[in-house]
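Working from the sequences, and respecting the hints, build out all of it.
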Amino acid sequence: MTDTTLSATPVTQTISPTKEVWLSLKANKGALGGLIVIVALVLAAVFADFIAPYHYAEVFKECVAQPCPPIWQEGADPRFVLGTDAVGRDLWSRLVHGARYSLFIGTIVVTISLAAGILFGLLSGFFRGTVDIIIMRLMDIILSIPSLLLALAIVAILGSGLLNAMIAVAITYIPHYARLARAAVLTELPKDYVTASRVAGAGTLRLMLSVVLPNCLAPLIVQATLSFSTAILDAAALGFLGYGAQAPTPEWGTMLADARNLIRSAPWVVTFPGIAILVTVLAFNLLGDGLRDALDPKLKR
Amino acid sequence: MKRRLLGAVAAAALAFGLANAASAKTLVYCSEGSPENFNPQINTTGTSFDTAYPVFNRLVEFKPGTTEIMPSLAESWDVSDDGITYTFHLRKGVKFHARGSFTPSRDFNADDVIATFNRMWKADDPYSKVSGGAYDYFNDMGMPDLIKSIDKVDENTVRFTLTKPEAPFIANLGMDFAAIHSKEYMDAMMKAGTPEKVDQEPIGTGPFIWANYKKDDRIIYNANVNYFRGKQPIDRLVFSITPDQATREARLEAGECDVIPYPNPADIAKLKANPNLQVLEQEGLNVGYLAMNVKKPPFDNVKVRQAINMAIDKQAILAAVYQGAGKAAKNPIPPTIWSYDDSIQPYPYDPEKAKALLAEAGVSNLQTDLWYMPVQRPYNPDAKKMAELMQADLAKIGVTAELKTFEWGEYRKRLQAGEHQMGMLGWTGDNGDPDNFMGVLLSCGSAREGGQNVAKWCNEDFTKLIDEAKATSDVEKRTALYKQAQEIFHDQAPWVPIAHSLVSMPMSKKVMGYKVHPLGTHIFEGVDIEE
Amino acid sequence: MLRFIVTRLGMVIPTFLGIIFLTFILIRLVPGDPVEVRVGERGISPERHAELIHQMGLDRPLYVQFFDYVGGVLKGDLGVSVITQRPVMTEFLTLFPATVELAFFAMLFATLVGLPAGVLAAVRRGSVYDHAVMGTSLTGYSMPIFWWGLLLILFFSVKLGWTPVAKRLSDDYFVDEVTGFMLIDTLLSDEKGSFLDALEHLILPTIVLGTVPLAVIARMTRSAMLEVLGEDYIRTARAKGLSAYRIVAVHALRNALVPVVTVIGLQVGTLMGGAILTESVFSWPGIGKWLVESIGRRDYPALQGGVLVIATLVMAINLAVDLLYGVLNPRIRHKR
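Protein chains in written order, with the numbering used here: chain Y, 1 to 301; chain V, 1001 to 1531; chain D, 2001 to 2336.
Check the hints yourself; a few may be wrong.
[As the list claims (entries may be wrong)] Here are the computed distance ranges between Cβ atoms for each label pair: (1) K1270/V to A40/Y: 33 to 43 Å; (2) P2031/D to T1194/V: 34 to 44 Å; (3) V2100/D to K1270/V: 31 to 41 Å; (4) E1449/V to I71/Y: 46 to 56 Å; (5) T2270/D to P1126/V: 42 to 52 Å; (6) I71/Y to T2270/D: 38 to 48 Å; (7) K2075/D to K1129/V: 17 to 27 Å; (8) L2002/D to G129/Y: 21 to 31 Å; (9) L43/Y to R2235/D: 24 to 34 Å.
Keep in mind that the hints were calculated from the coordinates and are not lab data.
No experiment lies behind these values; they were computed from the predicted model shown.
The C-beta atom is built at its ideal place from N, Cα and C for all residues, glycine as well.
Here you go:
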């Protein structure tokens, strides 16, 4: 996705825009670090079945009554590097498999909200008038209800579950994209190249999708990377409040919520999923920041 | 005094203020939630009952720590030979609380009893529709049909006439919903146009006077100096509302709470090890079970049901879910109830035999759903975890179970409608009578769609025994009948009875005289705290 | 300016109506009803269920309920909670001060720490300090705050015993409620030491709720400052030989504040989401927890009333920010 969209950015310079972004990212240590973590996560997600020593739902009865601690603690079982969770399942295996869910959550939420947001934004920006008013007021309404509360209400309607949690979170993000897309359209529309296409006889749909859209992708990409991370956080928060993924799904937020009561008797069960969330979210934010710097000419040196 | 960041400054400030409120002996109970209101007639939750209990008395009450009935506002009672008429002799000189602008002008008498029951019983009572007017427990215990009349014989005598002999009736009057209200207060509030105050700022005869409530924050009670069983050793009782389990435990350890309910079973060992704390334990009057819907094949086959019984490793569940704070169940009633049949041999954990039974029944590759409660219940501290363990156990005998849950109200409704194949549920006893378990949960009458028999299991022989036992007041006869019924239950195996949970109450070592109530109410009468 | 205010207000009214409609519909789409939720294991007969639903007026056609509700709202009546039978407004006002107090201190903390940190990071761009601030604030921004809260309680309250675990005031103190704001009430009361006690109770929740806004403010301040510092008039000022302090404090900061104020304002909505989690972790008797519980109990009036008031407040604050923005930055005002 990155490749095609970035190469469409019309920057009249001697080096290719993709390469320029890459150079800029490479110079940014934080973004590079974030990227490395993300690549590692993707690898973990893809090869989870090979990396994880056990299936994420396999119960070890000997660690059921009292979770087995991680190997550096007394009384540990050497088979379980990070110990076991409340039900006697290998924590490391669950965390590795959990990477899948987190990336999955991020991808789905961003895809849904991005697609819907762009659609609303384009419609709003192109047609103005009543359409614009209705859409933007709707977005205002969504924005004025605290997003976590709205997501909770939507999950309550749809029923608990990972997919429903993702839909709920995605809905609360739509206004951000819609506003960005609309603003970008409004900036791009009066520009000469749009007028030129129009004169050349391009239809509205074509104008929207192949002329204006590619030119307002930069802020959307940055926003998408950043909401990848907030999506993981929000889904985890829903899981924490008991409205997230269902058992035995090793989603990190749900793992954290399940382990919440163990914080004193088996702190590792709480610590590791929390760290996993933090590191993943941080990585996406670092990358998002780097992308913003690379794509936003204003902040460039 | 707790040592904290600003502790030194606070201590200095205290030193100047000297013996301020500090002289009042206070007990802090960190309760699990806000009550709906303070009237147990219209409440349905244990949380609400707890908050009303200090304020009220009933005609009869359960002896502390038991399900035995003892006299309270009724000093004694006579039952007619046909079991139809109950005459209660009321205690004299009992005073209702005085608070704010309300001061009672007379002692408790028969009018209060009648006004209390009329509100729940008579649709034309002026209070009938106040605060939503739902008297769930009164209705659930079948009181409207059971009571024929309530008469005032004299100032201190009340007679209840029933429509049929009903053995559990007297135990029902010890339940929370039968708390006695002040007629005078009810009348005064009605006159003032604020009848709902009766439910929100309660007046009773109980050991503590309700003083103040702030939603989600705390409830304050002061000791009733005129209490008929004597003034309480503590001056003040505070319910500090702390819904989060981990937070409650942390507050107890930090000395912010003196007593907490519903600890996490996993933490009990740790709490016990804390030199400042003690953990009281008692078997709760409850049962957690997995019901198999006998209306849905292959669970109509008794062999399949027995196979499932053998496939589930209860010991592992007890260890993991109850963390030892539970007793494996084999009967539908808990061992603390009379008539419990201890001679019944539970199904052993035997996956091989279970497989063989399934093969005998001609069932292979069984796909089923397995429903678990979305919430923590007294009889099941972690249904989700239990479901995951069962899922793993069932996989071993070739049964694939898909875990399912719904929002709690929806969950119960769907189970009662019989939508599930296998579903978890449980029950907490209301009055300590065996009928309250077996009649309610397993009779043919409640196997109808929407009924509480979620196995939808209707066994004529079983139901006949239960009905007969209910109409008999001879305990020995009833015991024999209930024991026979338990044998049928065991052979037919409509449930996998899982466990009876142990009620644990962690508290500071300074707390003295606390007794765990088997019916689940948290009672602070007679409790003291060392300064 | 007046025209700007009027246009802006004109946009608010349809949004307001939309919120009333949306909250009304949303909550009714949730499966289950208040009667079903409260009966527990024992269930209820269909007849009795119908009777109770009738008493609550929930069997009337939806549009009748809706107009009834709107009529009430316009008169300032949000209805009566079906669970506690108390007016929703009363319940809301009982709990609201706790949330406001917490949110206020969280924002205060976030601003007092975030603003200077951001300014310094911008001034010393590229230094170790800059990297440290940016790294820390990004970590804070990425923090799952419910987890953060648990860690802080575990360390500071349980291990060290420095701070209280939960709630707003120790149960040794009995403070009369006057304003609902604990810090004010404790000052008004004659319970010695209660003010400091209340202050102690605020420390951890303030940090937890303030973490994300702090990160946002620090980052926003830094980038706004960098932008301003790069502008011509600053260069001119520098060339004129004005002291670095004067340039930063007087010229740059004033202009950089515009986007920062906007961000602070916009954080208020986000803060409510954070409040739900923070209140849940610290058993803080506020609005967030109440609303979450109302969803669970299907308390329609409480939920729709609560969300309506919150949404109205968020809108009002956004409006205020917009207007303030107009004052701080004349360019906006004239453009419209």
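Now the hints, each set against the structure:
no. : hint                           : verdict
1   : K1270/V to A40/Y: 33 to 43 Å   : holds, 36 Å
2   : P2031/D to T1194/V: 34 to 44 Å : holds, 35 Å
3   : V2100/D to K1270/V: 31 to 41 Å : holds, 37 Å
4   : E1449/V to I71/Y: 46 to 56 Å   : holds, 54 Å
5   : T2270/D to P1126/V: 42 to 52 Å : holds, 50 Å
6   : I71/Y to T2270/D: 38 to 48 Å   : holds, 40 Å
7   : K2075/D to K1129/V: 17 to 27 Å : holds, 24 Å
8   : L2002/D to G129/Y: 21 to 31 Å  : holds, 25 Å
9   : L43/Y to R2235/D: 24 to 34 Å   : violated, 48 Å
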